[in-house]
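Build the full structure now, drawing on both the sequences and the hints.
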Amino acid sequence: MQEAVATPWFRASFREWFLTTDHKKIGILYGLTSLLFFVVAGLMGMVIRLELTQPGLQYVSPDLYNYLLTGHGAVLLLWWAIAFWAAFTNFLVPILIGARDVAFPRLNQLSYWFFFTASVLVLITLIPGQHIKMMWTGYPPFSVHPNAGPTALYVLIVILIAGSTLGTGVNFITTVLKMRAPGMTLGSMNLVVHGLMASIVVQLLGVPSFVGAVVMLFLDRYLGTGFFDPAKGGDPVLYQHLFWFYSHPAVYVMILPGFGVFSEVLSTMSRKPIFGQKSMLYALWSIAGLGFFIWAHHMFSSGMPYWLRVFMSFTTVLIAVPTGIKIFNWVATLHKGAIHFNTPMLFTLGGIFMFLIGGLTGIPLALPAFNIHVHDSQFVVGHFHYVLGMAMTFAAFSGVYYWYPKVTGRMFPETLGKISFWMMMIGSNVLYFTQMVVGLMGMPRRYVDYPPIEAWINLNVIETVGAFILAAGILVTLIAWARGLKGPRAGRDPWGSPSLEWETASPPPPQNFDTFPVAVPADWTPYRFDGRTISGR
Amino acid sequence: MQMISVAEAASAVAPAIPLAYPAPYWDQMFSIWLSVAVGIYLVVAVPIFYFLYRYRYRPATNEQGAVEESGHGIEVLWTVIPLIIVIYLAVQSVAFYTEQRTPPANSLPVKAEGMMWSWQFEYPNGKRSLAELYVPVGKPVKLLLTSKDVIHAFHIPEAKVMEDAVPGRVTEMWFQFNETGEYRGYCREYCGTAHAYMLATIKVLTAEEFDEWLSQSG
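Chains as they are written, first to last, in our numbering: chain A, 1 to 537; chain B, 538 to 755.
What the hints contain is simulated information worked out from the structure, not anything from laboratory work. Just so we're clear, the structure is a prediction, and the values are computed from it rather than from any experiment. Check before you lean on any hint, since a few could be wrong.
What the hints assert, rightly or not - Derived DSSO-like pairs: lysine-lysine, alpha-carbon spacing no greater than 30 Å straight-line:
| id | chain 1 | residue 1 | chain 2 | residue 2 |
| --- | --- | --- | --- | --- |
| 1 | B | Lys664 | B | Lys679 |
| 2 | B | Lys648 | B | Lys740 |
| 3 | B | Lys685 | B | Lys740 |
| 4 | A | Lys232 | B | Lys740 |
| 5 | A | Lys278 | A | Lys336 |
| 6 | A | Lys336 | A | Lys418 |
| 7 | B | Lys679 | A | Lys232 |
| 8 | B | Lys648 | B | Lys685 |
| 9 | B | Lys740 | A | Lys336 |
Set out below in structure tokens:
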């Protein structure tokens, strides 16, 4: 396999891609797989949106609708919001810490092919008769009921994804702890590396709980055990605890890398070190830790004990504090900067605003007195599309635009990037803000049809218009990325940043750097911009 | 097309006697949160827009950002103030939530059982009704929820309360309508093909009408 690693990605043959252990090629494989699923699940979302434009059944049957909802949710969470960051982790982390590759390249390869296998299984669910219809949460007893579709497929997909995740987890934690360039401390490392690492640590600690839950689900459905069956002394609410113990921290898996991207782009495009780098680190890691003590706010109406509802309400609102610190630090970074408004910066600023609204609408969901009316309503759906949907996607798009010259060696078309940003910003706000309003009025989520209440219909029409603007905006970005492959050459350091990835060629050579070791001075920081200028745009 | 503002959407209930209890607690929680949220939004958004304009890149006059900045004082400030705000919100929420969750002593107990895909209600005298919940006006009703098959949840938009109906346990919620008429109860936990059609009609009758209905053999 060594010969495969000796060829840069843009000249590699199919065989080399297939057998590669090069972290950059694996990163690109993750990215392309993830993007494909992003588009498919996005189109599922458009069908859902079209169906909800008017009450009654227009385009799909209730069963097909339930499958589309399950697919849209599960795929966008697992294949986009989590897996797209695996692309960033794979491509960027070894370069950003000045390493040749990851600690265990073959394990890394195995992780990708686990993920690939799970992807093939997801495509099988597209076949009629194989539709999984239990929502991405898979609550029993419904998920052990025949109406839910093939539970075994769901369980198998989760297990494969978990295998991939755990392999990536141990691999990158080892890489970052043991393979940093001489002189680089954990504290001076790029914030995006911390974001990606925090996300990986959370996965490593949480995923086993999720796997345990779905394995019990499997046993209940096919071998007749009674973990979640009250008739056999089990308890369906137990599943919800095990599920959310990972799946709530999973939202930080999706957003913490985005925080890292925001910090990188904001600092570079303001030509200023990030404000409060240390407090950024404390905030980031305390979100990752605290995230494990707040899961039951997803279950305020589940019938669990009153004291637990109150306790989880208090722990949940505490998350607002480190989150607030991050937002205020970003604002302070802009102060006395020299701010460039290019595409990566616009997506970062837009992402911060989406996150701000998503965060502010998340606080009341942590308050049982508020949650009691909006739980499982369209308000919740609007809220998490602000956070996980848009803040994460804006961060990911910002990151792709920012590192596009490094990955491809070319410059993307700036005008298309800006057009895409404004379309996405307008479309998503029209869509998701309206969705929250209709949710406050009581419209439930996961309904294929709804009573013909005039205000609900009007708001749903507005939502659909927003969805089309958003989808068109995403399409423009995909076109921009495709056309950028033939764009002008970018050079090593188009953004004038001292961070390590810009020291090497674009795209980086198979061994990442020309010479090893890549030693950095003791006072090195990736955020000192004196004397450098942006040549990109 | 009729436009609805956020405030209108949430506080359609303004008169002295609200349409349903315990909705006013939710309305208060909503207004408190909304004021806080708008305030925080402005505290973040206004400086961002000002800085974006004031410190934009300009050739020759503003090409490099400031090198170092420190500000421990302000960092303490934006740690402590949000902490106080969220603790206040959580404490306030517990106070309201206790009221929303505690049925008044004179509540009429009604058993509600969810099933794929309908609701069955059982009244103290053993009378049952399917998909129609009959309640007297101006009297609190305590629903004792459970499920025959999968998890469901009962939500009443006017009363702004919901609770899950879980097989193997009995959960509680209470509400009171102050005007007669017909309202909808929704299933709020996903339960399969006909989840969207698992609605109940809540028929709010006068006390006399209700007693008469209850005494008829069903």
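Status of the hints after comparison with the structure:
1. Lys664(B) / Lys679(B): Roughly 16 Å separates the two Cα atoms, so the pair holds.
2. Lys648(B) / Lys740(B): At roughly 16 Å apart (the allowed maximum being 30 Å), Lys740(B) and Lys648(B) satisfy the hint.
3. Lys685(B) / Lys740(B): holds, 23 Å
4. Lys232(A) / Lys740(B): violated, 37 Å
5. Lys278(A) / Lys336(A): Answer holds: Lys278(A) to Lys336(A) is near 20 Å, not above 30 Å.
6. Lys336(A) / Lys418(A): Holds, because 24 Å separates the two Cα atoms, which is no more than 30 Å.
7. Lys679(B) / Lys232(A): At roughly 29 Å apart (the allowed maximum being 30 Å), Lys232(A) and Lys679(B) satisfy the hint.
8. Lys648(B) / Lys685(B): holds, 12 Å
9. Lys740(B) / Lys336(A): Violated - the C-alpha atoms of Lys336(A) and Lys740(B) are around 63 Å apart, more than 30 Å.
Taken one by one, the earlier hints fail for this structure at numbers 4, 9, listed in ascending order.
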